[in-house]
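Colleague: Hey, can you piece these two chains together into the complex? The hints should help.
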Amino acid sequence: MSYRIGIDVGGTFTDFLLIGEGRRLVHKTSSTPDDPSRGLVVGLEEIAAQLGLELRAFVARLELIVHGTTVTTNAVLTHRGARTGLLVTEGFRDVLALRDGTREEPYDNRLAPPTPLVPRYRRLPVGGRIDYKGDEVEPLREQDVRDAAAALAADEVEAIAICFMHSPANAEHERRARDLVAELLPDAYVTASSDLLPQVRYHDRMSTTVLNAYAGPIISRYLAALTERLEGLAFDGTLLIMQSNGGVATPAEISERAALSLLSGPASGPTAGLWQLAPHGLDECITVDMGGTSFDAALVKDGAPLLMVDGVVDRWRLALPTIDIHTIGAGGGSIAWLDEGGLLHVGPQSAGAQPGPASYGRGGALPTVTDADLVLGYLGEESFRHGGMALDLGAARTAFGPLAQALGLTVEQAAAGVYDLVNVTMATGVRDISIRRGLDPRDFPLVVAGGAGPLHAAAIARELDIPALLVPRESSIFCAAGMLMSDFKHDDVRAYKTPLATADPQRLTALLDQLIAAGRETLAREGVPPDRVELQAALDLRYVGQWHELTVPIALPFDAAAAAAGFHVEHDRLFGHSSPEGAVELLAVRLGVVGRTEKPDPTAEVELGEGPALVGTRPVWSPSARTLVETPVYDGEALASGTTIAGPAIVELPNTTIVVPDGFTLGVDAYRALVVYAGERGAAFAGGLAGLGTEVAR
Amino acid sequence: MSADPILASVLQRRVQAISHEMATVLMRSSRSPIFNEIGDLVTVIFDARGRTLAQTEYASIIANGAQPPLARIIEYFGDDLHDGDVILHNDVYSGGNQNADVGVFLPIFHDGALVAWSASKGHVADIGGMTAGGYDPRARDVWQEAFRIPPLKIHDRGELRRDVWDLVRANIRFDVVSEDINAMIGACTIGKRRLGEVLDRYGVPAFDEHMDYVIDASERQVRAELERWPDGTYRGESWMVSDGIDPTARYRVAVAITIAGDEITFDFSETDDQAPGFTNMPPASAIGAIRIAFLMLVTAGGLSLPANHGVFAPIRTVFRRGSLIDPHFPASTIFGNQMCDEVLEAIMRALSDVLPDRVTAGWNQFLCTALSAIDPRTGEPSVSLTIFQRGGPGAMRGADGYDALGFTGTPGSMRSPDMEMFELSTPHFMHYYEYLPDSAGAGQWRGGYGTRSSWSFYGEHEAGTTIGDDVAAEGAEPAHGLFGGSAGGLNELRLRLPDGSVRDWGSKEIIEQIPPGTVCESLNGGGGGYGDPRLRDPELVLAEVRDGLLSAAAAAAEYGVRIGADGRSIDHDATRVLRAEERA
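Those protein sequence lines, which keep their order, are chains A and B. This note's numbering applies: residue 16 is where the first sequence begins, and numbers increase by one. This note's numbering applies: residue 2 is where the second sequence begins, and numbers increase by one.
Pulled out of the complex, with its shape left as it was, chain B reads as follows (with noise of 0.2 Å):
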């Protein structure tokens, strides 16, 4: 029998519809708003071997770090899986892409035989180790960040090994966590069940025939794209700035990229070595970064694509044990997924002059604060992501940076709390939230621009840790424009302290017990701009001078644009004056 393409993309889409139905019941019935609220979660169907088959994602960074440890759990149970058996993962050293995001995986069986897994993933409130939440710059090793998880059985052929999970709930802080996890088993379960149904009406044989077909049809379609870049070795690095000890150390992370015919080849080998703290990025974590710059490319090339294991047949990655990028055995690494930012900065610069087409220019790297607390008005503790911090992206051809969008890692897939909801799930009080003026970098297309935000503290016991980059005192560069675009910004955070002091936070800097009273402020740079801001249409400009975004100083001196004194028209012969004598 020779595969049916049409009943290959009927299936497709069904078992996209599964991961879909699963996501669905995953964020309406978890409990901590990391989940919920924010999304910070996946859930993905694989093959009996593995491979993705379809996935539904808020958190494109985790989306593409649950298919490792999948390999490591085949792997390790061998022949020892069965129908009914729960397994859950997080350790980084087995392919885990942070402590903090958990992953749920069950084996899917058919007439005896496993033919699937369904699996989720998601960022849970806690996970152990000597920190609430998990973020502390002060970690040396693994074990001080996390209770790690190698491949465990919670359940066994449909049973609760109660051991077991007790052993897990025991060494996390707070019981939302095991809610949280069992939400995921739940959703699974879902997954697990509606592919039972599709197994059934088309049988084994026929699904993962069909299912082949799928995934080298995505195959095709991704080296029928790779074939139209040139061929060639590309280079690009960024820097990340501040370990988390050193504020001022900096790091280079190096790419290098080997397009060959239909093939592309990113080897991290020549980044710094490792760092003795917290930001070292476990290798599924990096993956899942050049994944992410790897479907900005290809989407600006005109590609719609499911994700799934053909889409990503066609990549090779390179990284060198014991640098920044795989580190050894036991180096901390929780800060890890946040260098998603350094990643997609060196990438996009390597291809600049290659694939100008498909590029940005510099994100403003992400920067905010996770933050915990006991609730004075519950006497419960409260965690949460100041993910409403957001920065904005580089713009490229044809197009503005998205305004904030913020983190590289969840590109506009993660939402921003509520600022109502913000005030009544958490122990803070906003004071404002909104876009910061003259933040984007300029070019005939400008960078997106950042936020301006503030909030005071009134927890009890409150500690926040920062987890982001592109801090100003630390001496980080802005991000940078491309084809004569202008850099973006850079970020600032200070605490304003109840006796009056003020204290600058730094980009991986715990604070604890932050007085009730204390107020942050923050300010979270622009993207940067591409091509000659000279080139861009007035009255754009004018639009933005108008709302405010835009100073009628900054719309002279970047786009050669004079404000009439209205501040609402162009002052078109003293514009044509300013863009011919500038251009000249």
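Chain A on its own, in the form it takes in the complex (with noise of 0.2 Å):
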């Protein structure tokens, strides 16, 4: 028993990193998106061979696999979760379709709206009321429960989700309905709201709640069918499972929860970038990942990613705590276009896998930003070569043509502009993430990942001021990584709406002390022992008359007057602005438990490069020069710790490549992971990191 694996998996391809017994092995395999425990075993496969033993012997040598899924995510993307029921409050049966009342696109009549996870006829009304203070106006009909219940039955229902008006204040008749449903339907699925996420807004709580039961049965035969694969092979380890919130749970509590996995996919990045500079004793990192859609950035502050409550799948309002990612669709196979007034656009069409940039040869003939990145030498025919493929550095330059001749520019000047578009937009992306919480994206390194990423990341930090970036080795599997460094964790919360000045301290403890006991039972479930418990206490605040709350952290025992000026604090930071005269009030009370976990040390089984390694020449874009340059090329892996290379230069990685404008300086740390960074703050920080103290002459 001596390897822990994580696997990522994608819709394209399955990431694995291994580590253990003196090893760290990166794999990629085929996604299998029919069944994805089946890639997931076909790349077991292929690394024991790698390593030279049976499937069965391998996988009984696993001690932890931690494993990110977007099973759920794609079954909401495609409408095929759970035939699902809804039993709300009566009269509010369309609260769900509703929404907030807006649409994206307030100018375009032909939106049409999303089609409901739960058709208005399963959506059935129950009579009995609940008051904003939690006191019963009108008892529960139990008759409409059993009413539905049968009609849902008939209607051969597989989940069944429950949100009644006011249940954070007052549960009962959810849970009354909840039991009665279970005891009449025994095989459904059930999700009370009060169960699942216990506060205010109904529709935001009726969205999540529906999809938490639209995506449990799924979730739940996935990993059943998962565990039963690995059992078969003798799996004998532990199983772990990538939550939207960045934590890991046990299979049993992902399938209660189901709705955690929804935003789970990429919820690990950040948990990389921290782990890639925490052995500097750094704790702080924007990460990016661009790949050939999409582009994610998400913000670590404090030695942990920053959580959202406001997130959205599919139109839906998921408001579990996750971390927040935020998502553009600008990546590798985003198209250029001129629009009929003359300015120059990237995306949000993308030419995707098929038919692909232009320069894959597979029959795309539209500009995209990876045909840019090769008509400017930023990329070279051979830099997918381990993905088995050769770029058409002809066919780029065709696809550009009629974009070049339209703006009457060269060809090369076109592509630059359309690097430098997306950049912008791009770096747009990364300063939402930040602005939304009073941060300066300035104070962070960024954290690279993604095949694109780091092509464009040394521009994006140009845009930003942002003075220095990091590409780890595993960058291509960036997520697949972070699985193995993340804790357990649980987010929890509890309604309770009140004046913070006249907040009763015994029930505030006692809401704790209820959030706590569930918690440790939680990860006790799970195996964690006590001692490796933490707790994350916060209050959610606001000024009376405020709309919007802020989620502000507090210490235990609860203290009002040490959590009021915490409020203000936050919020000055926040809004630039505060009124410590003014009212404050709270709304909810939260708990995250964590489950610290063993992780790999960072520092260990790292090998040793051979020295610089120049392996070439070839025409790159100067953006000073504003022409092509011949600039040298370096291979990535046989940079040594220690060693730097002074910008323009070019160094490829077997899944990356790495661009080093004019300006900037690459540098390997102690650990082999690539830095790139410019200017006195740039060097400073570089100074400040192991190995790459001194400067090193090339």
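In case anyone wonders, no lab produced these hints; they're calculated from the structure. Positions of the beta carbon are idealized from the N, C-alpha and C atoms, including for glycine. Hints are supplied without guarantee of correctness; some may be wrong.
[Stated by the list, open to error] Partial selection, computed: residues in chain B whose CB lies under 7 Å from chain A: (1) Ala225; (2) Ser414; (3) His462.
Modeller: This is the structure in structure tokens:
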């Protein structure tokens, strides 16, 4: 028993990072969307072969599998989730479909609303009413619940969501309905909103509860099948699943709270970024991940990824805490085009994987970002050889011909324009995640992932005045790496609306004790020893009259004055003003419980490189000379710790290429991550990294 | 130096991102629910001449009403503008669109010269006048509606003018309004700072030249689209019913649209004379309404445009002073924004025959209430807009109307309050809020469904003013169908008082001292249909019957679709017969 493996199943590839017995092994295999566990096992077979082991013998030596999956996300996106019913308070049958009353494109009268995951005929009203204080206005009409259960059973429903008005203030009706439904439909997957997310806002809670029920049977079946396959292979270790909140959980917990898997795909990225910086004593960064169709940015502050509670999955609100990842539709496949007025645009249309960029030679004829990278020499025709593909520079140039002609520019100039424009778009995304939190992006290094990320990262950093960025060795399987570094994490909330000044300390302490007991119990079920449990308490606070609340961390035991002071400071930081004399209102009490896992040592098992390896030169676009200039190309695998290279230069790695522009320097830290930096602040940052403290001559 | 089209594209995105950042800050830091829950606001970056460079709009009717006041501000202050100035404005007789929509304008200087403006504008909870919240059909002049703020410096060269600010505050009922104005100033300051960074990097001449290029590019794009529209003059009309004084008074809103090459003129001179009450529309508001209709038409043509000066440059507008649009001073006008419904309806009707692929059928005209009370739970005043009362838009070729979208002036850009938050934050108890069955006008593409809603009042000294139209009892006509589609539905609003009596509530009527325990019931109708309903896919008809949105009787009568006895299948034979009969 000596290997740990992170497995990230994406739409196209399944990524693996294996650590143990003195090895780090990166592997990619094709995903099998019809049954993702099949591709997963194929990948394990391939890794076993590389280790010279039989599959069973290899699996028997796995002590930990951490797995990120998109099965539930795909089920929602393709409307192939469970057949779901919904019980609502009578009179509010359309709260789900009405959403918040807006449509995404105000002037587009052809835009259709999203098709609700539960059609109206399966959204059934139940009599009974609780008011905002939690008082019962009208008793629950149990017969309505029985009738609804019978109707839904006749309709062969697999999952039932229950969401009644003001259940966070008083969950009695929901609990009774839940128990009745469980009794009448013992096989159904049942989610009561007050069990999943007891916080106010009827639509947000209902949408989240519906997503949970809709995804529940899907993830339960998938995990059951996967567990069976692994057990068949004599797997005797621990299987953990990546959650949207950046933590891991056991299959049993995820099956109960299926919605926590909905945004789990990229959720380990920020943790991976943190892990890259941790050995240098750093605990803050912005992670960016640029792939073929999208660009994700996330922020890590004070050693933890930032969370949000206003996520959206396929136009439906997901109000559970999830990693705040800003996604924009810009990637290598994004298509460049000119509008009728002569303004240049990149995306949102993408050539995707099929036909792909023109340079893939698969029939794509429109100019894309990848084609621009190739025209500019940032990519070479051989850069994708590890993926078994040669890029066609002639095809890329041909694709840019019409655009260049229309702009009155050379092909290279037009490609450079596309490169600049997509970088500005991505930089705006990075800026957005930081300013939403009142943070300045200049204060954070970038950690760069994804095949296309390192091609653009230095330009994005320059745009944002960020002095340094770091490209991990495992950049292309970043999320799989992050999974191995994640802790157990569970978030819970209790509604309690009251002026903060007059909050009842006993009630508050009781609520927190409830949350702490439940959190500890969950972690105990997952096998986390008590000495590895950490508690993170927070309050949702706002000024009286405000509609948006801030989640403000608090120390335990609770102190109202300290909480209010923390709120004023946070409000001032985020919005530039605060009213220390203003009345503060409490809306909810939150608790995150974290179970620290054992993590591999990032500083161990590093193979040292063989010194600088100039492999040649190629013509690369120079933004200052505005033409192609012969530029050195290095084999990144051969670079030893402590090496520095002054830009302009190109550094090629098996699955990605790093562009080091003029004015930037590339260095290799003690753990062979590649650091690109500029200016005094950049040099100071790099100087603080282990392995780069002293300049090493080229 | 000649403009670099790529730098122009890059700068356009940067400036757009700045207005977006301003809106983010404003939404999150303002205090009143109208700002931050509903989002009745806009942020804009203008150039030195007051041309719109970029804007982020949550409330379209306001978005397009921020520019005219700036033109007046620039004219008024002339050279007397300095770095650190903050200018406040609301007055409809100096460019404002509605007195409750207050604007903050910051001149942005670079190297000593005025180079741009950042602005934000939003609907405040109160702006003085005789009634809290401002909406009062009894108002006969502008002073009864509002404390007028013509161009007014509240900061001079970075210094708050305390006496001026205190004068403004003294004339507004709620402290929250000054908090919201501070939040607007904060948003504009962010805009000023960010634009300063862009100017530091590129310099003013390059910035100006490239923003000119962006504006020209947008203008070229719109002119190319207008060239595709057939030349000619087209007339359309719509009706406003009730002026808040006489509930059956009818006013005609008439437009003559002239398309000539790449220019378009909207001439509303034949609109009826102004009303004695508050149902008059300031020109800034009317221009906003025209732009909304125009953006819908060009979007339907496949264009996706940034909202800048160039987009609207080919538009000319003509109003007749003394008419319902552009009334004589000092007419009251606070209802004016609501007349976006009438303006849009007249424009869509005028262009139905020449742009049949771009227009919509009639929209249900909006009807909601503006409520103010003392919340007995806190003893504090409470002001709310019940904009969850939403009707349906008209259908268009290829698309059903978007259910419960509501007011044309904020076409799906203003949020409805969440039902639980509404009860937590205002003294009301909701009984129901759902789609209104059988409300959508039938058609090959049906109109959007309206809604039914009901709530109890328990505020002290509660008063409510309705702001809307299309009330059945006043003799309004429902939203029109197009090309064989059926008409949509009308609105009904009534109060059930604790003494058992029932009182109909008109479309523009204030009711004061609503007794606690009173129940309001609201029906908001659907939009008009487009095309012959008998061409609609029977499966779509069945789905709505099954969902309880469409009765089986209406399926047969309107769509010629016979639903099986089980309510979940189509009787195809009977349907064939029914459809053949009706089409013969």
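Colleague: Is the interface hint satisfied for Ala225/B? The criterion is a beta-carbon contact with chain A at less than 7 Å.
Modeller: Because about 5 Å separates Ala225/B from the closest Cβ in chain A, which is inside the 7 Å limit, the hint holds.
Colleague: Hold the hint about His462/B up to the distance rule: shortest CB distance to chain A must be less than 7 Å.
Modeller: Given a least distance of 19 Å, the restraint on His462/B is violated.
Colleague: Taking the least C-beta to C-beta distance, is Ser414/B closer than 7 Å to chain A?
Modeller: holds (4 Å)
In this structure, only the earlier hint numbered 3 is contradicted, and the remaining ones agree with it.
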